[in-house]
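A.B. asks: Based on the provided sequences and hints, a complete structural model is requested.
Protein sequences, first through last, are from chains A, B, C, D, E, F, G and H.
Each residue of the first sequence is one higher than the one before, starting from 1 at the first, in this note's numbering.
Each residue of the second sequence is one higher than the one before, starting from 1 at the first, in this note's numbering.
Each residue of the third sequence is one higher than the one before, starting from 1 at the first, in this note's numbering.
Each residue of the fourth sequence is one higher than the one before, starting from 1 at the first, in this note's numbering.
Each residue of the fifth sequence is one higher than the one before, starting from 1 at the first, in this note's numbering.
Each residue of the sixth sequence is one higher than the one before, starting from 1 at the first, in this note's numbering.
Each residue of the seventh sequence is one higher than the one before, starting from 1 at the first, in this note's numbering.
Each residue of the eighth sequence is one higher than the one before, starting from 1 at the first, in this note's numbering.
These are computed hints drawn from the structure, not numbers from a lab.
Reference excerpt, derived from the structure (chain B facing chain D, CB under 10 Å, subset only): (1) 16; (2) 17; (3) 46; (4) 47; (5) 74; (6) 84; (7) 106; (8) 109.
Derived lysine-lysine pairs resembling DSSO-like cross-links, with alpha carbons at most 27 Å apart: (9) B/124 x C/124; (10) A/29 x A/153; (11) H/29 x H/124; (12) H/124 x F/124; (13) D/153 x D/29; (14) F/124 x F/29; (15) C/29 x C/153; (16) E/124 x G/124; (17) B/124 x E/124; (18) F/124 x D/124; (19) G/29 x G/124; (20) H/153 x H/124; (21) B/153 x B/29; (22) G/153 x G/29; (23) D/124 x D/153; (24) G/124 x C/124; (25) A/124 x H/124; (26) B/153 x B/124; (27) H/153 x H/29; (28) F/29 x F/153; (29) C/124 x C/29; (30) A/124 x D/124; (31) E/124 x E/153; (32) E/29 x E/124.
Derived CB-CB ranges, DEER-like: (33) B/151 x E/154: 48 to 54 Å; (34) D/61 x E/22: 38 to 44 Å; (35) B/25 x H/22: 53 to 59 Å; (36) A/41 x C/42: 30 to 36 Å; (37) E/41 x D/61: 35 to 41 Å; (38) G/144 x F/155: 34 to 40 Å; (39) E/29 x D/141: 24 to 30 Å; (40) D/147 x E/100: 40 to 46 Å.
Just so you know, even glycine gets a beta-carbon here, dropped at the ideal spot from N, CA and C.
Single-letter residue listing:
Number of protein chains: 8
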Amino acid sequence: MNERASGDPRVGILFGSESDREVMSEAGKVLERFGVAHEMQAISAHRTPDAVRDYARQARDRGIRVLICGAGMAAHLAGAVAANTTLPVLGVPLPGGTLDGLDALLSTVQMPAGVPVATLAVGKAGARNAAVLALQILALGDEAVARRVDELKEAMARGERL
Amino acid sequence: MNERASGDPRVGILFGSESDREVMSEAGKVLERFGVAHEMQAISAHRTPDAVRDYARQARDRGIRVLICGAGMAAHLAGAVAANTTLPVLGVPLPGGTLDGLDALLSTVQMPAGVPVATLAVGKAGARNAAVLALQILALGDEAVARRVDELKEAMARGERL
Amino acid sequence: MNERASGDPRVGILFGSESDREVMSEAGKVLERFGVAHEMQAISAHRTPDAVRDYARQARDRGIRVLICGAGMAAHLAGAVAANTTLPVLGVPLPGGTLDGLDALLSTVQMPAGVPVATLAVGKAGARNAAVLALQILALGDEAVARRVDELKEAMARGERL
Amino acid sequence: MNERASGDPRVGILFGSESDREVMSEAGKVLERFGVAHEMQAISAHRTPDAVRDYARQARDRGIRVLICGAGMAAHLAGAVAANTTLPVLGVPLPGGTLDGLDALLSTVQMPAGVPVATLAVGKAGARNAAVLALQILALGDEAVARRVDELKEAMARGERL
Amino acid sequence: MNERASGDPRVGILFGSESDREVMSEAGKVLERFGVAHEMQAISAHRTPDAVRDYARQARDRGIRVLICGAGMAAHLAGAVAANTTLPVLGVPLPGGTLDGLDALLSTVQMPAGVPVATLAVGKAGARNAAVLALQILALGDEAVARRVDELKEAMARGERL
Amino acid sequence: MNERASGDPRVGILFGSESDREVMSEAGKVLERFGVAHEMQAISAHRTPDAVRDYARQARDRGIRVLICGAGMAAHLAGAVAANTTLPVLGVPLPGGTLDGLDALLSTVQMPAGVPVATLAVGKAGARNAAVLALQILALGDEAVARRVDELKEAMARGERL
Amino acid sequence: MNERASGDPRVGILFGSESDREVMSEAGKVLERFGVAHEMQAISAHRTPDAVRDYARQARDRGIRVLICGAGMAAHLAGAVAANTTLPVLGVPLPGGTLDGLDALLSTVQMPAGVPVATLAVGKAGARNAAVLALQILALGDEAVARRVDELKEAMARGERL
Amino acid sequence: MNERASGDPRVGILFGSESDREVMSEAGKVLERFGVAHEMQAISAHRTPDAVRDYARQARDRGIRVLICGAGMAAHLAGAVAANTTLPVLGVPLPGGTLDGLDALLSTVQMPAGVPVATLAVGKAGARNAAVLALQILALGDEAVARRVDELKEAMARGERL
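C.D. replies: Printed below as a string of structure tokens:
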């Protein structure tokens, strides 16, 4: 199942602070392993709001199909991105706040009508599953990805882990 | 933006109990309004586990592209469906448990590696946004849906609501 | 202590949805009673992100000195405003989410370093105290407001309520 | 009170991941000490749903009388087993989720009408008491077990610990 | 499945206050419907501790096989009973405390090693499932009860509810 | 303020498990320092219920005036003691449960009408303040203790700590 | 047990706002019924801090032996009183805040070393038990009160309620 | 942006215990870096209530313009200060309580009408942002501070951190 991802990135992975890179790179590793090119970028809804807006508005034209956003504390990043694109936005709440991730989870998932964020579990587990969800979404229009996702399902049934 | 959905359903909306139908029909109304055919069914991970398994395994071949699952309390439905398909599964936690939906949210979102559930907010707000997320996913491979999703974005920028 | 507020607004009161207007008007009533002109506007960080940005960036030049932002659920409004201004931003978390305001409180208060939001209590009590805090801030540079704030303190010591 | 358990297993101990084995083996040790044969198996409601179904459906015919299921995070294992058997199912929530076990506890205990899971405390304490509860259940039809359970009660009254 | 329960009670249903009787009678109705005789009694771990002790110590000799205890707030009843018997004790946390049942749930389920309480969901849902669990336990030694429990399983698979 | 406590114990300090002795000895140290004799004993509401009952019923006649009870998890000890005496019972919730002491706090404080437990903070801080509260209670009828409690107040006003 | 309380008040009941009077009068009713004179007063730690200080400092000399303080939200009243007296201070957390009384409970109970507040349950139940605790404290030095408290214990054992 | 703060302190930083000094000095460092003189003092609402009252009442006349108060547990300090001044009071909840800072957050933020505390995030992050908020408030009447606050905004937009 390990083949080298190449070509233009189809998934953008964003995170609010450089200190979040390690956790969110778990998503990148899964995409890499399934042969889907991606890009990663630290970007802050509060410190660099214009950068967030520009990235989100240009993502579709740059070939991005799914966005994965990781943030903790107030955790506004996924929402700020979703406000500026109609691409599917997957949110990964990160620990570190007063409720150790539950706060970020609720900030991420409770979006107003019309601006959804598809939310995954807190932290690394969520980052990995965000990548799997991105693969499942891409699989709807990409036979090669679909085949690899099915192979993962079969491997898990044999007792293997992601 | 209102056109009659027709043809085979592309989205399946499942819920754990007939008493959940009203809340989950909010998702159906949004899909209908955006011209995407869907089907709705009450089905229980605990009372009718075989029905859940069969539905999930046959969904892709029946033309379903996205699954929306609403459940409260232990809220295992979305997870039981995701265990049996590689289609994107969107989970809508429903209120009614001891933590009034937070429990269902955590049961829905905290899936093991390899079996993601894209989780939305609790209750009607989540049901509506699950439909919008389904539209955003379908839009990646359907120009007509993509155009309508963009129109929603523009309408919201003018102050309209979903 | 009741005198008619007139002149250009010195406090801007923002809220994420028209349904929040009633709660946030409690802040307006206090300002009015203390003779400080204000303006109120429904504006959404997610549905109308450009309007939020423009409002926040132009507020200082328009004579606004303090911003009061009320929002519920993901509650990103105060943070989105603070990202685009250096004026003091006071946040009023609103109930309605899964944790009935605690979620909005944590979304509002847990801002990243350099972009503070001064957070008040959830709901009407918070809206009223946001106005009092705005008065205390304005009082630092306005003798008339300072005198009225002191009179409130003395009135409370005599057993009166705000 | 220590005698070698032999014969066909009367208690099945299941857990969602190999990493849960150590905690759940606390239940096995108690059963062993009271002379009740058991078996242990890692099995996942989400990665290997068919294995869970088959195990649960065949357990009674294989002589199993009580099932003990440990799982964390979404913690669906006990519920998935209970959906497929009428044997008493005892659930042990495991820590590791966002609420550090409270989430698993609520996922385990909040079952729909007709499909109970007898829930114990989170983690090792719960695993040990699940075994004691299994012994109390078996004691209703087994004089030898009943005598040993009574001896435990008397030993505790003298100040001994389980 | 409805036959008249007769003979000596095999299940004792206890609750901490007369105001809990209505909720706990849900358990009694299920037992009645499945033909298992039971008895109900209000009894308080704090106001009438001797009555609790005496009831628990004499229950086995009076033919009781399973005890169901419902209590709210500090919710010590199930634990106080379990301290004085080796019969299986099923605990039903009741709402009304500061955490609306979560407090009672944690008071009920977190028992020390050697003194388990099999805990069900909060309130009526828990009371009903306590009865089903009692039936599953009795079914291990009673063919007639076992047959009825299996019939319930089949009925649920056909879409019926408890 | 340090004088040797002597004579019959006027305060009884109880705790549910030997592992709680270290925390609860903080209460003992404060009493010792203020010259009030006390006794300490591990005793379990669930493993040794008769010992708890006997201790509580005989305490007054043995000269005990205040009881301090520390327990974690289900935390029934203070309540079980209060059920069997009319002496003031002070409860110290101990950490270790799923909510890390909040569970024990709610189990301790939420007593039914007529059977109060005066509850202090979780852990060592609570143990120390339970002792101070016991001193304040004894001071109502003991001039020497009253004088020492006043001296503590004055020492704190000068910046000293307990 | 109902005799007319007369003479100088021995218990002071304070509350932060007139709207709390009804709940706190539950404490007064219990004291009245047991023949212990008391006084009640609305007084605010934040609006009238000097009144709180003066009341607390003069209470002992005025013959008060126990203070009962009820407050919600930030719930600082009991702590502000305890800071200014060495009499036993009993705290009754009141509902109304974001966590519906749990917040007030934690504000009340978590006092620094040397300044304890004996905390009771939230709301009316806590107010009633604060009165019973005050009676138990007074009973240590008052035979008549001690006898009535013992009679309450016996009445409860016969099934009566407070 | 680093210039030596000199002159009379314009910001007072208070904290409930010497052990809080390190966390709260984060606020002092930020003020220092932006050239605003401040003073720091340990002072306890419960152990030294008169010192708190006197400090708060004299602060304005001593030239203080903004007060920053950090406290944990019951966290009454900010409220006790706000009760005695009309200067803006910024509250920094500190971790260490049963809810690890959430308790202090709710104690700090939920002030009664007329006595606001502008609340920041828990711990060091909150302390730093309290200083930034103080700068934003001072900037309304001080061109030099305003310029430095604007420079911080621009620096953050270039990717720098506070």
